[in-house]
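Using the UniProt record's numbering, the first residue of the sequence shown is number 1, and each one after it goes up by one.
What the hints contain is simulated information worked out from the structure, not anything from laboratory work. One or more hints might be untrue.
Cross-link-like lysine-lysine pairs, in silico, BS3-like; alpha carbons within 25 Å at most [stated by the list, open to error]:
1) Lys-135 with Lys-109
2) Lys-13 with Lys-47
3) Lys-13 with Lys-114
4) Lys-109 with Lys-66
5) Lys-114 with Lys-66
6) Lys-47 with Lys-66
7) Lys-66 with Lys-135
Label pairs and their calculated CB-CB ranges [said to hold, decoys possible]:
8) Ile-148 with Ile-127: 11 to 21 Å
9) Gln-43 with Leu-111: 37 to 47 Å
10) Asp-112 with Gly-137: 13 to 23 Å
Glycine included, every Cβ here is placed at the ideal spot set by N, Cα and C.
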Amino acid sequence: MEKRISLAPYNEKYNQDLANFVLSDEQVQFTAMPAEVMEEAFQNLNKYPVVILNEETPVGFFILHKNSEYVAERDTSRTILVRALSITLEHQGNGYAWAAMRELPTLVKQLDPKVDEIILAVNEGNIAAQKLYLKAGFLDMGERRMGINGLQLILQYRIG
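All chains should be built: construct the whole structure from the sequences, respecting the hints.
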């Protein structure tokens, strides 16, 4: 069955699905639940909540963040950070996160045509996420930062 994944800006019609998000205990240590990060995102004009849809069903969520703490040494007008990516437990293992990452450059260019680099921070202990991002075309150039929950690998994806 072909996956019909699309990325949509947050809309309140997705509230119920996002409020019912479930992650494993292991995953919770590496990411945030959508409900935990959405409120702050609404207060920050540099954060863009994005819903991952399979057809019309929300299966995942993340935030695109301009001018984040991770882009301090980069050209902030040309770099955007992906944060708090998660797929709800019942929809994991279906390739939705990989499909979403493949759609990401198109969304970023629509959001801001000047952006030519997408970065993300992934915990060194989150091997599954590292494999996903590398498979989706992100590169590990050896950059590391200490995060709240340990060492973070900073992965990058160059657009066009």
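Now the hints, each set against the structure:
1. Lys-135 with Lys-109: The hint holds at about 21 Å.
2. Lys-13 with Lys-47: holds (19 Å)
3. Lys-13 with Lys-114: violated (30 Å)
4. Lys-109 with Lys-66: Status holds; Cα separation ~13 Å.
5. Lys-114 with Lys-66: With Cα atoms ~12 Å apart, Lys-114 and Lys-66 stay inside 25 Å; holds.
6. Lys-47 with Lys-66: holds (6 Å)
7. Lys-66 with Lys-135: The hint holds at about 24 Å.
8. Ile-148 with Ile-127: 11 to 21 Å: holds (19 Å)
9. Gln-43 with Leu-111: 37 to 47 Å: violated (19 Å)
10. Asp-112 with Gly-137: 13 to 23 Å: holds (19 Å)
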